[in-house]
Amino acid sequence: MKPYFFDTYAVATSEFGYSMGIDAKEGLEKAREGIAAKLGAESGEIVFTSGATESSNTALKGVASALKEKKGKHIIVSKIEDFPVLNTAKALTKQGFEVTFLEVDAEGLADLGKLEKTITEETILVSIQHGNQEIGTVQDLKAISEICEEKDVLLHTDATHSFTRLPLDVKKLPVDLVTLSAHTIHGPRGIGALYIRKDTPINKFMDGGFQEFNRRAGVENIPGAVGFAKAAELVTPEETRHLEAMRDRVIDRALSDIPKVTLNGSLEKRLPQNANLTFHYVEGESITLHMDMRGFAVSTGSACFSRSLEASHVIMGIGGDHERAHGSVRFSFGRYNRMEDADAAIDAISEVVARLREISPLMEK
Amino acid sequence: MKFPYSEKVLEHFRNPRNVGKIENPDGKGLEGSPACGDMVAVYIKVEPETKIIEDVKFESYGCASNIATGSVITELAKGKTLEEAKKITWKQASEELGGLPPIKAHCSVLAVEGLRAAIRDYEEKHGLVTEKEPTTEEVVRRRLKHVMNPLTGLDIIRTDLILKTTVEDGVVRVVVDLPSDHQFASSIKEDIVEKLGALWDVKRVEVVFTA
Chain A
1 MKPYFFDTYA VATSEFGYSM GIDAKEGLEK AREGIAAKLG AESGEIVFTS GATESSNTAL
61 KGVASALKEK KGKHIIVSKI EDFPVLNTAK ALTKQGFEVT FLEVDAEGLA DLGKLEKTIT
121 EETILVSIQH GNQEIGTVQD LKAISEICEE KDVLLHTDAT HSFTRLPLDV KKLPVDLVTL
181 SAHTIHGPRG IGALYIRKDT PINKFMDGGF QEFNRRAGVE NIPGAVGFAK AAELVTPEET
241 RHLEAMRDRV IDRALSDIPK VTLNGSLEKR LPQNANLTFH YVEGESITLH MDMRGFAVST
301 GSACFSRSLE ASHVIMGIGG DHERAHGSVR FSFGRYNRME DADAAIDAIS EVVARLREIS
361 PLMEK
Chain B
1 MKFPYSEKVL EHFRNPRNVG KIENPDGKGL EGSPACGDMV AVYIKVEPET KIIEDVKFES
61 YGCASNIATG SVITELAKGK TLEEAKKITW KQASEELGGL PPIKAHCSVL AVEGLRAAIR
121 DYEEKHGLVT EKEPTTEEVV RRRLKHVMNP LTGLDIIRTD LILKTTVEDG VVRVVVDLPS
181 DHQFASSIKE DIVEKLGALW DVKRVEVVFT A
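Going down the list, the sequences are from chains A and B. So the first sequence is numbered by my numbering: it starts at 1 and just counts up by one. So the second sequence is numbered by my numbering: it starts at 1 and just counts up by one.
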């Protein structure tokens with residue numbers, strides 16, 4: 001990234017521009033090829049954005065605007081999508097679009113029977129994420145994409161949490177739009193991408209210049225794009241296996257060492273880096289603060305922790321209640337964690353949960 | 001390390017005072033519910049002649065502000081008469097703690113209400129309450145002073161969020177000056193329903209948003 005801040009710092013120019021701009025453009029295009037290769041895409045199908053939020057906004061609003069006159073105004077999203085998709089869909093309902101928030105089962109898997117039945121002649125887009133941000137559930141994208149292909153409906157998937165960790169090849173799966181972000185793979189913040197399959201009907205939603213194949217206006221974040229491609233390149237299958245091993249250790253030990261614990265999500269269909277458990281009778285923000293004091297950064301679906309004071313829509317979406325969301329804790333693993341960290345995290349949380357249960361009126365003592 | 005709370009809050013959170021149950025308490029208050037989020041239980045022992053709170057303990061199923069407020073109000077209440085303890089406000093507790101973030105006000109109000117509920121329980125058991133007060137608009141507004149506006153950390157009456165309240169045949173209707181898709185709309189609605197739904201003669205609570 002660094003040379004594109006300090007040496008080749010020019011804005012990318014057209015091919016007839018000055019040489020530093022051409023060099024910058026080359027760096028950008030190389031980064032684009034790197035991201036495309038990870039997805040089995042053509043580099044012309046990758047548009048760099050400021051991150052997952054912009055990518056998903058572009059996908060949903062862009063398709064909605066392109067197809068509302070030609071095809072219809074019906075969109076289907078799963079009810080446990082992350083906020084970029086969920087709140088974009090909600091915003092579209094105010095513009096006259098009809099949105100179906102598709103049910104998921106107790107593990108968070110989208111109801112494919114309902115999906116098939118819900119698609120109508122008017123349906124322009126289905127948006128179902130690859131891996132869930134909170135409970136890590138991995139959707140059956142193959143089956144979903146087959147349904148969409150058969151019904152001739154565009155499919156968008158938010159792969160923010162699965163990119164490079166799980167296989168996703170757009171040559172093999174008929175997915176039309178894919179949201180990506182660098183921040184989940186140790187890349188820089190403020191850079192992401194949207195894969196747009198060739199010939200997908202989509203309008204720009206920000207007006208401005210003609211950058212990114214006239215799909216995304218604005219001066220390109222070249223250091224970001226270069227950093228994103230590098231981050232994607234650095235992810236290895238061995239590393240991903242290591243994350244899975246730590247995840248499984250945390251899940252196994254939490255369920256066996258600590259009483260009254262529920263696993264949120266699926267045991268098998270799960271993101272490699274994600275463990276999410278509810279510690280009943282205690283509240284998540286208290287847990288995260290105690291964990292923070294012990295040097296562990298974990299997060300929770302408790303209403304007390306959220307910016308809107310609402311309990312996690314994901315835990316509620318899989319049929320959980322406030323109580324289950326209240327005591328839910330998400331552990332995410334990264335490259336720099338070791339198995340000792342996973343064990344230390346469980347040791348710490350056992351102690352924290354026991355302490356908080358001591359003062360909980362719900363715990364029988 | 002940087003934490004979102006004052007040193008005093010963190011200290012009470014790490015080492016909460018007066019935690020636990022009192023066997024055969026003279027008064028017991030339970031506020032909140034697991035279904036809505038935080039919950040707090042307060043137990044008191046009262047000296048029958050002087051009406052002084054001899055002992056007070058609390059339990060919390062809540063976040064850091066809730067635990068710290070429970071800890072500090074039990075410290076404030078111990079040794080006070082029931083009349084004095086009733087007057088302990090959320091503001092006092094918050095000041096004692098060196099301030100709380102506005103968004104956390106509603107979690108800590110619960111602890112203060114737990115103490116008041118324990119005192120009310122004592123008064124009811126000892127015939128100190130004459131009759132149940134019927135719910136009027138005045139009562140509704142008084143209750144709504146315990147619902148916090150997470151934007152400011154002040155109550156929703158004082159911050160003019162309530163446009164109108166009506167009470168008719170046990171149905172309370174509250175008009176809130178916020179759009180229904182506001183960041184805090186669901187949270188405020190839940191809080192209002194919880195506070196007013198607990199009144200003895202209220203059958204239903206309707207919360208209406210302006211847009």
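There's no promise every hint is true.
Stretches of chain A that chain B covers, calculated by requiring three or more beta carbons in the stretch to come under 8 Å of a beta carbon on chain B [to be verified]:
no. : region
1   : 163–177
2   : 296–310
3   : 322–332
4   : 349–360
Simulated pairs of lysine-lysine, DSS-like, Cα-Cα distance not exceeding 27 Å [what the hints assert, rightly or not]:
no. : chain 1 : residue 1 : chain 2 : residue 2
5   : B       : 8         : B       : 86
6   : B       : 2         : B       : 28
7   : B       : 86        : B       : 2
8   : B       : 125       : B       : 189
9   : A       : 260       : B       : 21
10  : B       : 78        : A       : 90
11  : A       : 172       : A       : 269
12  : A       : 79        : B       : 28
13  : A       : 68        : A       : 117
14  : A       : 142       : A       : 2
15  : B       : 87        : B       : 2
16  : B       : 78        : A       : 94
Think of the hints as simulated: they come from the structure by calculation, not from any bench. Model, not experiment: these values are computed from the prediction. Every residue, glycine too, gets a C-beta built ideally from N, C-alpha and C.
Hint check:
Interface restraint, the region 163–177 of chain A with chain B: violated (0 residues with C-beta to C-beta distance below 8 Å; minimum three). Counting residues of the region 296–310 of chain A whose C-beta sits closer than 8 Å to any C-beta of chain B gives 8, which meets the bar of three, so the coverage hint holds. Counting residues of the region 322–332 of chain A whose beta carbon lies closer than 8 Å to any beta carbon of chain B gives 3, which reaches the threshold of three, so the coverage claim holds. Counting residues of the region 349–360 of chain A whose CB falls under 8 Å from any CB of chain B gives 3; the rule of at least 3 is met.
Among the hinted pairs, residue 8(B) with residue 86(B) is consistent with the structure: their alpha-carbon atoms are about 23 Å apart, no more than 27 Å. For the given pair, residue 2(B) sits about 37 Å from residue 28(B) by alpha-carbon distance, which is inconsistent with the 27 Å threshold. A hinted pair counts as satisfied when its Cα atoms are at most 27 Å apart, and residue 86(B) with residue 2(B) does not qualify at roughly 35 Å. Distance restraint check for residue 125(B) and residue 189(B): the Cα-Cα separation of roughly 32 Å exceeds the 27 Å cut-off, and the hinted pair is therefore not satisfied.
Taken as a hint, the residue 260(A) and residue 21(B) pair is honoured in the structure, with Cα atoms around 22 Å apart against an allowance of 27 Å. For a cut-off of 27 Å, the pair hint linking residue 78(B) to residue 90(A) is broken: about 50 Å separates their Cα positions. A distance of roughly 20 Å separates the Cα atoms of residue 172(A) and residue 269(A); the hinted pair therefore holds under the 27 Å criterion. For the given pair, residue 79(A) sits about 41 Å from residue 28(B) by alpha-carbon distance, which is inconsistent with the 27 Å threshold.
Restraint check: the Cα-Cα separation between residue 68(A) and residue 117(A) comes to about 21 Å, which is no more than 27 Å; the hinted pair holds. With a C-alpha separation of about 39 Å, the suggested pair residue 142(A) and residue 2(A) falls outside the 27 Å cut-off, and the hint is violated. Annotation: proposed proximity of residue 87(B) to residue 2(B) is violated, straight-line Cα distance about 34 Å (limit 27 Å). Note on residue 78(B) and residue 94(A): the hinted pairing is violated, with a Cα-Cα distance of about 54 Å set against a maximum of 27 Å.
In summary, the numbered hints that this structure violates are 1, 6, 7, 8, 10, 12, 14, 15 and 16.
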